[in-house]
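Residue numbers (the numbering used here), protein chains in the order written: chain A, 1 to 311; chain B, 312 to 622.
Hints should not be assumed to be uniformly reliable.
Claimed, not checked - To be clear about the criterion: a stretch of chain A counts as covered by chain B if any three or more of its residues have a C-beta under 8 Å from a C-beta of chain B, and this derived list gives those stretches:
1. 86 to 100
2. 155 to 167
3. 218 to 231
To be verified - Which chain B residues stay away from chain A? Per the calculated CB distances, all over 12 Å, these:
4. Ala335
5. Gly470
6. Ala482
7. Leu558
8. Gly562
Hints were generated in silico from the structure; no laboratory data involved.
Quick reminder that beta carbons are idealized off the backbone N, C-alpha and C, glycines included.
The residues making up each chain are set out below.
Number of protein chains: 2
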Amino acid sequence: MSPASRAAVIAAAEELGYRANAAARSLVQRRSYNIGVMVSDLHNIFFAEVLDGLYAAAAERGYRTLITTGNRDPLAEERALEQLLELRADGVVLAGARLPAEVVRAAARTVPIALVGSDLQLRGVDVVVDDDFQGAVLAVEHLAGLGHRDIALIDGGQGAGAKERSDGYRAAMRDAGLLRHVRIEPGDFTEGGGYEGARRLLNGSRRPTAIFASNDQSAVGALDAINEAGLRVPQDVSLMGYDNTALAALGHISLTTIHQPRNQIGVMAMKAVVRRIEHPGSPARRHVLAPKLIVRDTTARLPSRPRPASR
Amino acid sequence: MSPASRAAVIAAAEELGYRANAAARSLVQRRSYNIGVMVSDLHNIFFAEVLDGLYAAAAERGYRTLITTGNRDPLAEERALEQLLELRADGVVLAGARLPAEVVRAAARTVPIALVGSDLQLRGVDVVVDDDFQGAVLAVEHLAGLGHRDIALIDGGQGAGAKERSDGYRAAMRDAGLLRHVRIEPGDFTEGGGYEGARRLLNGSRRPTAIFASNDQSAVGALDAINEAGLRVPQDVSLMGYDNTALAALGHISLTTIHQPRNQIGVMAMKAVVRRIEHPGSPARRHVLAPKLIVRDTTARLPSRPRPASR
DNA sequence: GCGGATATTGGGAACGTTCCCACGGGAACG
DNA sequence: CGTTCCCGTGGGAACGTTCCCAATATCCGC
Chain A
1 MSPASRAAVI
11 AAAEELGYRA
21 NAAARSLVQR
31 RSYNIGVMVS
41 DLHNIFFAEV
51 LDGLYAAAAE
61 RGYRTLITTG
71 NRDPLAEERA
81 LEQLLELRAD
91 GVVLAGARLP
101 AEVVRAAART
111 VPIALVGSDL
121 QLRGVDVVVD
131 DDFQGAVLAV
141 EHLAGLGHRD
151 IALIDGGQGA
161 GAKERSDGYR
171 AAMRDAGLLR
181 HVRIEPGDFT
191 EGGGYEGARR
201 LLNGSRRPTA
211 IFASNDQSAV
221 GALDAINEAG
231 LRVPQDVSLM
241 GYDNTALAAL
251 GHISLTTIHQ
261 PRNQIGVMAM
271 KAVVRRIEHP
281 GSPARRHVLA
291 PKLIVRDTTA
301 RLPSRPRPAS
311 R
Chain B
312 MSPASRAAVI
322 AAAEELGYRA
332 NAAARSLVQR
342 RSYNIGVMVS
352 DLHNIFFAEV
362 LDGLYAAAAE
372 RGYRTLITTG
382 NRDPLAEERA
392 LEQLLELRAD
402 GVVLAGARLP
412 AEVVRAAART
422 VPIALVGSDL
432 QLRGVDVVVD
442 DDFQGAVLAV
452 EHLAGLGHRD
462 IALIDGGQGA
472 GAKERSDGYR
482 AAMRDAGLLR
492 HVRIEPGDFT
502 EGGGYEGARR
512 LLNGSRRPTA
522 IFASNDQSAV
532 GALDAINEAG
542 LRVPQDVSLM
552 GYDNTALAAL
562 GHISLTTIHQ
572 PRNQIGVMAM
582 KAVVRRIEHP
592 GSPARRHVLA
602 PKLIVRDTTA
612 RLPSRPRPAS
622 R
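All chains should be modelled from the sequences, with the hints used to inform the complete structure.
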């Protein structure tokens with residue numbers, strides 16, 4: 001085709017506002033080149049960074065990302081997933097899904113699915129998770145390395161990864177020979193939960209010298225309780241969070257925490273889905289990523305104090 | 312049709328994993344019942360709440376929401392919008408778009424479009440904005456009402472709404488008879504910008520007794536600078552932000568700020584789009600919503616000090 | 001200049017729905 | 001019992017693409 005007529009056609013298309021109809025194309029090609037992403041909660045900045053990774057990895061491979069959300073409501077999540085399936089997304093990533101296993105399994109029979117931030121034990125579904133157990137171990141090792149022995153945990157309750165984190169805490173305490181200093185306060189990953197947990201810890205008979213809150217949000221709550229008790233961080237009490245959210249990075253807070261490779265999580269999930277789209281036979285896997293310690297200003301060496309002769 | 316055969320058909324469909332093909336339906340019905348939402352930046356929690364409103368209003372009217380993002384990159388934003396148009400979304404909401412006016416105008420010839428959080432002056436496009444001018448007036452009136460006269464502003468630079476906020480500040484200062492106390496430091500809506508701005512203000516010859524940062528993020532930066540200077544909030548300096556983000560609500564920060572009705576903004580935008588989908592003739596409008604003062608713990612009455620005889 | 005091979009063009013068919021119309025059967029009424 | 005109406009059923013046509021194949025044009029070699 002001559003360059004001239006080519007240009008003429010393009011100009012005419014522009015003029016008329018022509019735009020290829022993705023629906024018709026998807027119908028005949030039997031692929032949409034869209035990867036659906038169902039995000040349980042767009043308020044959670046965690047998923048925003050995962051989305052960055054998903055987006056970049058998809059673009060690199062010639063796919064586009066289409067997002068729906070369930071607004072933290074399992075029923076709405078199911079509708080959001082259904083919407084993606086009806087649109088014939090070539091693959092689906094479920095981020096933080098609270099969906100029943102059966103729903104996910106049924107969907108997985110139709111398209112490749114990857115799970116992020118929630119860990120249903122399902123075959124035929126890729127799962128990408130941060131090694132929360134290992135992250136908690138890093139936290140305890142950091143605090144123990146600073147000389148702390150009374151290291152308390154504020155738990156995350158039913159939250160995603162909370163169980164792994166408390167398991168990791170317990171294991172690391174044991175390995176550090178601090179088994180009898182293990183102390184776990186209930187919590188729920190919220191600021192209020194962290195505040196209450198820290199209050200109980202500080203009012204207890206044996207005040208911990210370090211508090212490990214199992215996410216940043218609850219660490220900020222704990223920070224409040226510590227200040228209210230007239231104690232300083234980190235001189236009197238060391239404090240750690242988990243997740244390395246923007247909150248932790250705030251100069252005003254500057255929280256020592258554990259970083260999850262969020263972007264990388266997204267990249268891995270997208271790679272997994274695209275691989276299974278393009279190689280329908282290949283098996284789904286479980287991908288575990290390593291967390292990282294981020295030292296900021298809320299942890300410090302335990303001041304050496306006069307000790308009993310046992311030394 | 313008999314209930315029995317009806318049930319049999321549904322069972323068979325389930326069995327075979329049948330799912331209506333939205334692409335085919337959209338093709339023949341010439342509508343998709345999807346409203347596309349292009350969000351410039353999913354890291355900004357502001358838009359998450361707008362999305363809540365969009366989502367709820369859409370669901371109420373039988374539409375589904377489909378989200379794409381431009382990751383703060385105008386080129387990617389354009390592709391994201393294009394993706395929605397190719398998918399034949401029945402309408403589009405642009406949230407925080409940094410798109411050239413010409414692109415938006417061209418798109419608006421194809422489908423009803425509503426703009427949120429960015430204010431291109433375009434006919435044929437609905438715009439929903441918070442009255443930032445009025446919000447700034449509320450802030451200044453609050454501070455002046457507490458007896459403050461040296462009220463400084465940390466500006467938002469090129470950020471969305473920054474100009475309206477500084478205009479409102481100026482106007483309110485004038486109306487309060489404080490024109491000669493007007494002082495505006497440059498800023499950029501970031502924590503760092505707020506920090507630097509506050510430092511300059513505090514080191515200046517005439518230290519302000521109140522600082523109005525034009526968003527919460529920069530207010531938190533200012534908070535750091537104030538603490539570093541050995542001053543207390545609110546005893547020595549009153550501080551205000553704007554936006555009422557989660558940051559401001561944090562117990563540890565508890566920032567007096569201006570609330571934008573984010574959810575309501577989403578609802579209005581979706582209503583506008585759906586109205587224009589269903590009544591193709593109806594004109595696009597500009598919708599202005601009223602902000603609200605949220606008093607927390609960073610503002611206090613100016614302590615009365617000995618004054619010159621002028622009284 | 002002709003045959004064969006290769007590029008270029010044009011014309012269906014198909015994708016999975018919805019919508020409309022024609023047809024047939026059954027019920028109700030005269 | 002026949003006619004009319006209504007409901008239900010079934011069979012295309014259409015939506016806007018892509019893909020494939022056939023037909024035609026172009027080119028090269030002999």
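Holds or violated: is the Cβ of alanine 335 of chain B farther than 12 Å from all Cβ atoms of chain A?
Alanine 335 of chain B is in fact no farther than 12 Å from some Cβ atom of chain A, at 6 Å.
Per-stretch coverage check for the region 218 to 231 of chain A, three Cβ contacts closer than 8 Å to chain B:
holds (count 5)
Does glycine 470 of chain B sit more than 12 Å from chain A, CB to CB?
holds, 17 Å
Distal placement of glycine 562 of chain B relative to chain A, Cβ over 12 Å
violated, 5 Å
A cut-off of 12 Å on Cβ-Cβ distance, and leucine 558 of chain B was said to be off the interface with chain A. Does that hold?
Given that some Cβ of chain A is not farther than 12 Å from that of leucine 558 of chain B, nearest at about 8 Å, it is violated.
Test coverage of the region 155 to 167 of chain A by chain B using CB-CB distances below 8 Å; three residues minimum.
The restraint on the region 155 to 167 of chain A is violated, since only 0 of its residues have a Cβ under 8 Å from chain B and three are required.
Chain A versus alanine 482 of chain B - minimum CB to CB distance exceeding 12 Å, so not interface
holds, 31 Å
Quick check: do three or more residues in the region 86 to 100 of chain A have a beta carbon closer than 8 Å to a beta carbon of chain B?
With 3 residues closer than 8 Å to chain B, the region 86 to 100 of chain A meets the three-residue bar; holds.
The earlier numbered hints that this structure contradicts are 2, 4, 7 and 8.
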